[in-house]
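Chains as they are written, first to last, in this note's numbering: chain Z, 6 to 471; chain A, 6 to 167; chain X, 65 to 403.
Keep in mind that the hints were calculated from the coordinates and are not lab data.
Hints may be right or wrong, so weigh each one.
Stated by the list, open to error - Listed next, with one range per pair, are the computed distances between beta-carbon atoms:
(1) X/170 - A/18: 52 to 58 Å
(2) X/66 - Z/421: 17 to 23 Å
(3) Z/177 - X/226: 45 to 51 Å
(4) Z/102 - X/392: 51 to 57 Å
(5) A/7 - X/66: 50 to 56 Å
(6) X/218 - A/18: 53 to 59 Å
(7) Z/438 - X/66: 38 to 44 Å
(8) X/319 - Z/227: 23 to 29 Å
(9) Z/205 - X/135: 43 to 49 Å
(10) A/19 - Z/227: 54 to 60 Å
(11) Z/421 - X/269: 19 to 25 Å
(12) X/398 - Z/177: 39 to 45 Å
(13) A/66 - X/220: 53 to 59 Å
Unchecked claim - Heads up, incomplete: computed chain X residues facing chain Z, CB under 7 Å, no partners named:
(14) 69
(15) 74
(16) 75
(17) 112
(18) 130
(19) 299
(20) 339
Beta carbons are placed, not taken as given, at the ideal position from N, Cα and C, and that holds for glycine.
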Amino acid sequence: MEKKTVVAEKSAPAQALLESVELELLRAPALAPLSPLPLEVLVPEARQQTPAVGQRATRPDGRLHGLGQTKFIDDFYLPGMLFAKIKRAGVASARIVSIDTKEAEAMPGVVAVLTGAEIPCNSFGPSLKDQPVLADTRVFHAGDGVAAVAAVTEQIAAEAIEKIKVEYEMLTPVLDPLESLKLETPGLHAPNPNIYGHKVIKKGDIAKGFAESDHIFERTFRTQMVEHVPLEPHASVATWDANGRVTIYSTLGRITLGRSDVARTLGIPMSRVRMISTIVGGNFGGKNEITTEPVVALLSKKTGRPVKCLFTRPDEFISSTTRHPLIMDYKTGVSKEGKILARQIRLVLDGGAYCSWSETTLGKACILSAGPYNIENLYAEAFVVYTNKTMTGAMRGFGAPQVCFAYESQMDDIATALKIDPMEIRLLNAFTNGSLSPTGQTLHSVVVKETLIQAAQRFGWNGAPS
Amino acid sequence: MAKVTITVNGEARTVSVPPETTLLKLLREHLNLTGAKLGCDVGDCGACTVIVNGKSVNSCLMLASQVDGFDVLTIEGLATTDQLHPLQTAFEEKGSLQCGFCGPGVIMSAKALLDEEPDPSVERIRDALAGNLCRCTGYSKMIEAVQAVANSVNSHPSVKSA
Amino acid sequence: MKRRGRGIACMWYPIGFTASANPSAAVVKVNEDGTATLLTGTVETGQGSLTVLAQIAAQALGIATDDVHVVSADTDTTPMDTGAIASRTTYVTGNAVMLAAENAKKILFEVAAPLLGVEPAHLEAKDHKIQVKGFPQRNMHIGDVAEHARGVKGTPPIGSATFNPAVLKLDPETGQGKPFATYVYATQIAEVDVDDETGEVEVLRIVASHDCGAPINPMLVEGQVEGGISMGVGFALQEEMLFDSSGRLINPNLTNYIMPTSLDMPSVEVDIVDSYDETGPFGAKGVGEPTCVSTAAAILNAIHNAVGVRVTSLPATAEKVFAAIQAKRAQEAKLVTAG
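Start from the sequences, fold in the hints, and give me the full structure.
Structure below.
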C-alpha cells in the first residue's frame with residue numbers, strides 16, 4: 006500500500022497509475038494450479054538396493070524435472086514482488102561522466118533505481134576484487150551494468166532502463182590479448198598491470214632436451230571465447246525481514262562463498278544473510294560468482310518489497326563469465342622413436358575485463374599443458390591479461406580443453422611426421438603409476454594407457470593392443 | 006486488457022491479460038503453470054514448448070490472444086494422480102534429465118512426435134528435439150527414453166500416451 | 065567428396081582447487097526407522113551430485129539410496145561447502161559425507177555392541193542391519209539401534225565431518241609441488257566425415273573411455289560424459305563469441321551463437337575404465353569437467369586424418385576447414401609445377 010502512495014506522489018497520470026496497479030495485481034497468480042500431482046509412485050528398483058554404491062540409482066530431482074515440478078528461481082513468486090532490470094553500458098571502455106535516472110524514476114510503476122555509487126562496497130571477485138557490482142566511475146566492457154531499476158512489472162523495468170541517460174568519456178578499447186601483453190600498452194585496469202597473472206613450471210633442462218632431440222616441432226594454436234549457455238539464465242530473489250536480515254534465493258553454485266561476497270558488498274554481517282540455491286538449471290562454471298544478488302538485495306532494501314532479477318539471454322552472453330581464449334605456442338623435441346625429450350610452452354590467456362577465476366584457469370592450464378605424458382625437460386609459462394571484453398572465468402575444464410587441443414594436435418603432427426601410429430606414440434609417452442607430474446608430484450591410480458587401450462578396442466582402431 | 010479463454014490441461018479458464026502477454030507469460034504468471042520455462046524469450050531454446058491443438062509450439066512466440074478458444078496442453082497435464090506419463094517414467098529411469106530446465110519442453114516435443122508418429126526412427130526423434138536446446142546431456146539419454154516409450158507403446162497397444 | 069577420418073586424444077585432469085584449501089563439511093542424522101538425513105552445503109546444478117552423495121551416505125550406513133534424504137544449499141541450515149566447482153563434489157564433499165556417516169555409525173555401533181554382546185570393532189552395517197562381522201545372523205535392524213540410541217541411551221546418532229584435499233603449495237619460481245590430491249584420465253576417439261568441397265565436418269561417432277575412480281553411479285557418469293562431449297563438439301566446430309572493433313558482442317543470442325542440437329550430436333559410446341583411488345570415497349574420484357576436455361582435440365585430429373590439414377584455431381568452421389584444404393591444394397599444385 007505504502008508504495009502506491011509513493012508512486013502517486015510523483016503525480017503520475019491517474020489512468021497510468023491504475024493500469025500499473027492492475028498489472029501488478031495480475032502478476033499474482035490468482036488461480037490454483039491446474040495440475041494433479043501424483044503422490045504415490047513406484048520407487049525405481051536401483052534406489053532400493055544395497056550396497057548403494059555402484060547402483061544406477063535414479064534421481065529424485067529428475068522425477069520433479071520431468072513433471073515440471075522443480076522450482077527454479079524464476080518459478081518463485083513472492084507477494085508484492087518487484088522486478089529488476091539492469092542497464093548495460095554498451096560501450097567497451099569509457100569513463101562515466103554522469104548517470105541521470107530522473108526520467109526513469111518518474112515513470113509510473115517504477116519503485117526504485119539503483120546506481121553503483123549507492124553500493125556499500127562496490128567490488129568483488131574470487132581472487133582480485135576488481136569487479137564492480139554496478140560500474141560507477143569506469144566501464145571496462147560493454148556488458149558492465151551501470152544502473153538497475155525495480156518496477157511493478159518486468160516490462161516497465163525494461164522500459165525504464167531505456168530512460169536512464171549515461172554520459173561517457175569514451176576510451177579506446179584494447180581487444181587483442183597480445184597487444185595488452187606488450188608493456189607499452191597503457192594500463193587497462195590501472196593501477197593493476199595489464200598482465201595480472203603469471204605462472205611458470207620448470208623441470209629438467211630444456212636446452213639439453215632440445216639438443217638431444219632428433220626432431221623439433223613448433224606450432225601456435227588458438228582458441229575462441231565460449232559462453233556456458235546454461236539453459237536457465239542467472240536469477241535471484243531477495244527479501245528482507247524486519248530484523249534487517251536478507252534472504253536471497255539464487256542460481257549460485259557456491260552459496261558458502263556467495264554469502265560472504267554478498268555480506269561484503271552490502272556491508273552487513275554474514276549472520277544477516279541467508280542464501281538459498283534451489284536446483285540450479287545448469288552451471289558449467291558460469292554460476293560461481295555473484296551477479297544480480299547484491300542488486301536485488303539493495304533494491305529490496307530500498308523498497309521494502311521482495312525483488313526478482315532474471316538475466317535476459319543477451320545479459321547471459323555479455324555480462325556473465327566465459328571461457329578464456331588462449332594463444333598457445335608449443336615447441337616439442339622428440340627422439341626418432343617418438344619419445345618426447347623436451348617441451349617448451351607459452352600460454353597467453355585473454356582474461357577479459359575482470360580477473361574472476363583467471364588465476365585458477367592460468368594455474369590449471371599451465372600445469373596440464375604438457376599433457377598426460379612423461380617429459381623430463383619442460384618449461385611452461387602462462388600469462389593472463391586484461392582486455393575490454395566480456396570477463397572470462399571458470400568454465401568446465403579451466404583451460405584444459407584449450408591446452409589439450411594444442412598438445413594432442415601436436416602429438417598427431419609428430420606421429421604423422423615420424424610415421425608412427427597415433428595410438429603407439431601415446432602409449433610410448435603416457436604416464437603410468439608412479440610417474441612424476443610436471444610439478445614433481447608422484448601420480449597414483451594412473452590409467453592413461455588403460456583408457457587408450459579400451460577406447461581403441463571399442464572403436465576398432467587398427468592394430469589396437471588386445 | 007484482452008480477455009482470453011483457453012482450455013488448459015482439460016479445464017477451461019478465462020483470463021484478462023495485457024495485449025502483449027505471450028502464451029508463456031499467460032501460463033506462468035496468470036495460471037501458475039511454471040513447468041514451461043523462459044530460456045531466451047525469442048524462440049531459440051525450446052524450454053517453453055507446450056502443445057497447442059495437438060502441435061508443439063514455442064509458447065514465448067505466441068500471444069495469449071492468438072490461442073483464444075484453443076486447447077493447450079502443458080507438462081503439468083501429463084501425469085495423473087495415479088501415475089506418471091510413460092515419457093516421464095522413461096526420462097526418470099534413463100537419467101535423461103540433468104539440470105532439468107529444458108526437460109518439460111523436451112518431453113512436450115517428444116509427446117507431440119509420438120502422438121503423430123508412434124514408432125519414430127532415431128532420425129525422426131533427433132528432428133523432433135532439434136528445437137529444444139540442452140546443455141547438460143548431449144541428448145543421448147533423451148533419445149533413448151523416447152525410443153523406449155515408442156517401443157513399449159508398440160509392444161503394448163493398450164498403453165496409450167495420455 | 066566426403067572423406068572419413070579418425071582421431072585420438074588423451075587427457076588428464078585434476079580434482080579440486082589448485083594448491084589451496086577447498087573444504088567441504090557434512091552432517092548425517094540417522095532417523096529412528098533406519099532412514100537418514102544428509103545436510104550438505106553443495107548445490108545441485110544438474111550433475112546428480114545430491115544422488116551421488118546420498119549413495120555415499122547410504123553405503124557407509126548399509127542402507128539404500130532411497131533411504132537418504134538430502135537437504136542442500138541453504139546457508140542457514142547446511143554446513144560450509146566450497147561448492148559445485150572444480151569437479152570436486154564426489155571426491156571432496158563425498159569424503160566429508162562418508163566420514164560424517166561413519167561418525168554417526170560409530171554411535172550406532174557403541175549402542176548395538178552391548179546388545180549384541182561384542183565390541184563395537186566387531187560390528188558392520190549392512191542391508192539395513194547392524195550385525196556382527198562373520199556372524200550376520202546376530203544382528204539388529206539399524207532403525208531399532210537408532211531408536212535405542214536416541215530413546216534409551218540418549219545419544220542420537222548424528223555425525224558431522226569435514227574434508228579438505230591434501231595438497232602442497234607450488235614453488236613460485238619452478239612451480240614444483242603437489243597442487244592436487246588426485247587426477248583422472250581419459251581417451252576419446254572421434255570419427256568424422258569432412259566434405260572436401262565445402263569444408264563441412266560431420267562428427268559421426270565418439271568413443272569415450274573415462275576414468276572417474278570407482279563409479280558411484282555409472283548412469284550419472286555416462287550422463288556427464290555424454291554432456292561433456294556435446295560441449296566439446298560445440299567448442300570444436302561451432303561456438304564462438306564474436307566482437308566488433310568497438311568491443312561489442314556481435315552474437316549475444318542463441319540465434320547467432322550456434323551450440324549443438326540433437327541433430328549435431330554423433331553416436332556416443334561411453335566406457336568407464338576399472339580404477340580405484342584409495343583416497344576417494346569408496347574409491348571414487350570425479351567426472352564433471354574432464355568429460356569435455358579431449359573431444360575437440362580428437363575431432364581436430366580426425367579432420368587432419370580425413371583431409372590432411374591441420375586447423376590450428378578453434379572453432380573449425382566449414383570456412384576455416386575449406387580454406388585450409390584450398391591452401392593445401394595450392395601448395396601441392398606448386399610442388400607439382402616446381403617438380
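Each hint, compared with the structure:
1. X/170 - A/18: 52 to 58 Å: holds (57 Å)
2. X/66 - Z/421: 17 to 23 Å: holds (21 Å)
3. Z/177 - X/226: 45 to 51 Å: Taking Cβ atoms as reference, residue 177 of chain Z and residue 226 of chain X lie about 50 Å apart, which means the hint holds.
4. Z/102 - X/392: 51 to 57 Å: Holds, at about 53 Å.
5. A/7 - X/66: 50 to 56 Å: holds (53 Å)
6. X/218 - A/18: 53 to 59 Å: holds (56 Å)
7. Z/438 - X/66: 38 to 44 Å: For residue 438 of chain Z and residue 66 of chain X the Cβ distance comes to about 42 Å; the hint holds.
8. X/319 - Z/227: 23 to 29 Å: Given about 25 Å between the Cβ atoms, the range holds.
9. Z/205 - X/135: 43 to 49 Å: Holds, at about 44 Å.
10. A/19 - Z/227: 54 to 60 Å: Taking Cβ atoms as reference, residue 19 of chain A and residue 227 of chain Z lie about 58 Å apart, which means the hint holds.
11. Z/421 - X/269: 19 to 25 Å: Because 22 Å falls inside the window, the suggested range holds.
12. X/398 - Z/177: 39 to 45 Å: Once the Cβ atoms are compared, 41 Å apart, the range 39 to 45 Å for residue 177 of chain Z and residue 398 of chain X holds.
13. A/66 - X/220: 53 to 59 Å: Holds, since residue 66 of chain A and residue 220 of chain X (Cβ atoms, about 55 Å apart) stay within the stated range.
14. 69: violated (11 Å)
15. 74: Because about 5 Å separates residue 74 of chain X from the closest Cβ in chain Z, which is inside the 7 Å limit, the hint holds.
16. 75: holds (5 Å)
17. 112: OK, holds: residue 112 of chain X within 7 Å of chain Z, min 5 Å.
18. 130: holds (4 Å)
19. 299: Because about 6 Å separates residue 299 of chain X from the closest Cβ in chain Z, which is inside the 7 Å limit, the hint holds.
20. 339: holds (5 Å)
In terms of the numbered hints stated before, the structure departs from hint 14 and from no other.
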